[in-house]
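Numbering-wise (our numbering), the sequence shown opens with residue 1038 and increments by one.
Hints are computed from structural coordinates only; laboratory data are not their basis. As the structure is a prediction and not an experimental result, all values here were calculated from the model. Idealized CB from N, CA, C, for every residue including glycine. Everything hinted at is true.
Estimated spans, in silico, between C-beta atoms of each pair:
| hint | residue 1 | residue 2 | range |
| --- | --- | --- | --- |
| 1 | ASP1064 | ALA1363 | 42 to 50 Å |
| 2 | SER1281 | LEU1453 | 51 to 59 Å |
| 3 | TRP1076 | ARG1460 | 45 to 53 Å |
| 4 | LYS1420 | ARG1323 | 24 to 32 Å |
| 5 | GLY1239 | ILE1374 | 25 to 33 Å |
| 6 | LYS1420 | SER1198 | 44 to 52 Å |
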Amino acid sequence: MLLTGQPFVDLGMAIAALHAKKTSVADVTDLDLQEAICWLNTQVDPHKSHLGPLSKLKVLSSYWQNNPLAGHNMGVGGQNVPFYRQVLEDLMSGSPKTYAGCCQVCGKYEVYRDGNRSWLPLGAGAESDPCSYPNLRGKSLCVRCFSAVLLIPLGCKFVGSNPYFIHLTDPELLCKATEDGFRAVSLQMAAGQTGNIALKAGVKLIGRIALLEIVSGSRWDGTQNPAFLKNCPTGATIIAFSNSGPAAAWYQVHLPAQALAFFDDLDTAPQQSQGELRLVFLDWARHCEKPDFTDKEKNEKRNNSLFDRLCDDLEQRQSLSFLVRAIVQRRKPTQQILKKKEKQVLEIYERTALNKQDRFAMLERIADHINDMDERYRSSLVKRLANTRSKDSLYKLLIEFAHTEKTSLRLSREELQMIDTERSSEVIGLLYLLCIAER
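Put together the whole structure using the sequences plus the hints.
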């Protein structure tokens, strides 16, 4: 089977592959999907007196808010349960009734059922529902896509109270990224455990930033699971969601292939010691996790301009200089320096994620010239550089100090060309940080 690009459907395909002990979504057959649905059927029992393994884990409440199989909307005396049981039996039979029209996900097969919120996480049905995310409203699905969606509870883990998973557009890598959650769910059901404790990832951050903590902290692509043999050329998307009433949430971070290589380099850098470089990155993330808030002591509203900035920069392959500069400038005056390990992480990011090693090296040479000046000239230039925002202002500042013979500040043609062609905010931010870097 081919990936559809719809993360819920693709994840279900990967779960079916793992259940059939296959290593690629491409090897999944219709029979594999049917057998996985049979397995799901054995794990669910909506009756409170004898809950099924999945119900004991309380997993389904995060997916099927209106589904009687999860103990919701069972009707008087459980009258809604037989209908939903019949849906699963249709899928297990391999020959359910289909209707005219094409599947709105894969576009290939006839429609089987509307993927409303009874079956599809965050999916609003034709009669509307407050819990939906863009482009998912009222999906009409074929048997394959519908079956895949139903398998989601068998493969997710949790961050906070939200399920999360990783979506890649490589059939083999998607199975590898899904494996950890699939194994965790299977082992917990086999052991008859209750609650979601074994399925939860221990994270310190919140919201969208917490997804970066999973990637950079637990290293799903290299440490806990067997290392990937390659990076997916289209990168990876890590998704977390909740389906709880009107407060339904959807968090997503897309990491380009270069960002994945950056996280890999953090662990393989020669100077790396006991995860210290990853801790530097996570420390930056902590400055970005809180949205605007109210200072209770002063009863004043505070603005956190860095909220989600780290996620945005990684997704858009932009320099982290603006973010790190803001973090450094928020420190106490005596601590406003770029620490050695912070410089290391910044350099690795510029080299690996942005392919801007030459730019970093040129700016480092300029910063060395500035730091070799007499202290009164250096201090003056750095202070003014801290407040410089435009490329014109940067040119004027450098020209002014280049005319002073005592500074010995001279720029090569290549360095001037780099300043002229690169994004001004990134050049200024990097130059400032390198000027205040710990020696």
